[in-house]
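Participant: Start from the sequences and build out the full structure, keeping to the hints where you can.
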Amino acid sequence: NSKVIQTPRYLVKGQGQKAKMRCIPEKGHPVVFWYQQNKNNEFKFLINFQNQEVLQQIDMTEKRFSAECPSNSPCSLEIQSSEAGDSALYLCASSLGQQDTQYFGPGTRLLVL
Amino acid sequence: GDSVTQTEGQVALSEEDFLTIHCNYSASGYPTLFWYVQYPGEGPQLLFRASRDKEKGSSRGFEATYDKGTTSFHLRKASVQESDSAVYYCALSPNTGNYKYVFGAGTRLKVIA
Numbered sequence: 071n072s073k074v075i076q077t078p079r080y081l082v083k084g085q086g087q088k089a090k091m092r093c094i095p096e097k098g099h100p101v102v103f104w105y106q107q108n109k110n111n112e113f114k115f116l117i118n119f120q121n122q123e124v125l126q127q128i129d130m131t132e133k134r135f136s137a138e139c140p141s142n143s144p145c146s147l148e149i150q151s152s153e154a155g156d157s158a159l160y161l162c163a164s165s166l167g168q169q170d171t172q173y174f175g176p177g178t179r180l181l182v183l
Numbered sequence: 004g005d006s007v008t009q010t011e012g013q014v015a016l017s018e019e020d021f022l023t024i025h026c027n028y029s030a031s032g033y034p035t036l037f038w039y040v041q042y043p044g045e046g047p048q049l050l051f052r053a054s055r056d057k058e059k060g061s062s063r064g065f066e067a068t069y070d071k072g073t074t075s076f077h078l079r080k081a082s083v084q085e086s087d088s089a090v091y092y093c094a095l096s097p098n099t100g101n102y103k104y105v106f107g108a109g110t111r112l113k114v115i116a
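Chain order of the listed sequences is G and L. Here the first sequence is numbered in our numbering, starting from 71 and rising by one per residue. Here the second sequence is numbered in our numbering, starting from 4 and rising by one per residue.
Since the hints were derived computationally from the structure, they do not count as laboratory data. A couple of the hints might just be wrong.
Unchecked claim - Below, a list of computed lysine to any residue pairs in the SDA-like style, where the Cα atoms sit at most 25 Å apart:
#, chain 1, residue 1, chain 2, residue 2
1, G, Lys109, G, Asn142
2, G, Lys97, L, Ser86
3, G, Lys73, L, Val40
4, L, Lys59, L, Asn27
5, G, Lys114, G, Thr77
6, G, Lys133, G, Lys97
7, G, Lys73, L, Gly60
8, G, Lys109, L, Lys57
9, G, Lys73, L, Val14
10, G, Lys90, L, Pro43
11, L, Lys57, L, Ser86
12, G, Lys88, L, Gly44
13, G, Lys114, G, Asp156
14, G, Lys73, L, Arg63
Facilitator: Structure follows, in structure tokens:
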């Protein structure tokens with residue numbers, strides 16, 4: 071079983087509110103990925119890090135999302151101003167290297183009312 | 004761009020039936036291929052992976068063989084159990100400097116006792 075920890079498991083926000091979720095990667099894994107899984111089970115890559123450095127991110131993440139992976143603290147993903155379309159399961163995954171297998175946490179389910 | 008196609012959206016079987024879920028991919032070179040399983044309320048869990056042509060991955064009675072000729076990685080299990088009911092995802096990692104996963108649409112398997 072994966073040892074990636076995500077908190078909170080559920081998050082309910084109103085439109086325009088900030089929504090912040092956290093991820094503790096598996097011990098020794100320097101690479102972290104964030105994906106959004108919508109109600110149709112489609113996955114969308116958001117951003118990934120190696121240690122504290124952003125490797126890649128999509129436009130949506132650049133504009134309304136902020137994310138970081140500080141040393142000795144959980145990684146975080148924050149939506150600055152939530153929209154109804156942001157309601158989804160947010161999955162964090164970690165790996166030993168960029169090419170290695172990604173191990174997923176249980177996800178944070180966000181509902182934007 | 005890279006893509007993964009799962010032709011079955013839903014599969015319903017009885018216990019001890021044979022399972023096949025088809026997965027075809029489109030990517031340059033030799034991507035790494037994965038099968039993940041997702042149970043309700045959880046993140047995707049790795050079943051197994053394969054990185055080379057003709058390599059066979061297997062776990063928990065499930066298996067798939069990497070076939071570069073037909074660009075396929077079909078999932079099979081000889082005798083399914085009710086506990087196998089879940090959503091199964093085929094995914095690829097391009098291994099070309101862009102390491103985010105590309106997921107298939109998922110196949111919902113329901114096994115009736």
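Participant: Now tell me if each hint is right for this structure.
Facilitator: Hints, verified against the model:
1. Between the alpha carbons of G/Lys109 and G/Asn142 the distance comes to roughly 33 Å, so the proposed pair goes past 25 Å and is violated.
2. Taken as a hint, the G/Lys97 and L/Ser86 pair is broken in the structure, with Cα atoms around 30 Å apart against an allowance of 25 Å.
3. Distance restraint check for G/Lys73 and L/Val40: the Cα-Cα separation of roughly 16 Å lies within the 25 Å cut-off, and the hinted pair is therefore satisfied.
4. For the given pair, L/Lys59 sits about 15 Å from L/Asn27 by alpha-carbon distance, which is consistent with the 25 Å threshold.
5. Of the supplied pair hints, the one linking G/Lys114 and G/Thr77 holds, its CA atoms being roughly 20 Å apart against a limit of 25 Å.
6. The suggested pairing of G/Lys133 with G/Lys97 is violated, with an alpha-carbon distance near 30 Å, which exceeds 25 Å.
7. Pair hint G/Lys73 plus L/Gly60 holds up; C-alpha atoms about 22 Å apart against a cutoff of 25 Å.
8. With a C-alpha separation of about 35 Å, the suggested pair G/Lys109 and L/Lys57 falls outside the 25 Å cut-off, and the hint is violated.
9. Between the alpha carbons of G/Lys73 and L/Val14 the distance comes to roughly 30 Å, so the proposed pair goes past 25 Å and is violated.
10. About 23 Å separates the Cα atoms of G/Lys90 and L/Pro43, which keeps this hinted pair within 25 Å; it holds.
11. For the hint linking L/Lys57 to L/Ser86, the alpha-carbon distance of about 29 Å lies beyond 25 Å, and the restraint is violated.
12. The straight-line distance between the Cα atoms of G/Lys88 and L/Gly44 is roughly 23 Å, inside the 25 Å bound, and the hint therefore holds.
13. The suggested pairing of G/Lys114 with G/Asp156 holds, with an alpha-carbon distance near 12 Å, which does not exceed 25 Å.
14. For the given pair, G/Lys73 sits about 20 Å from L/Arg63 by alpha-carbon distance, which is consistent with the 25 Å threshold.
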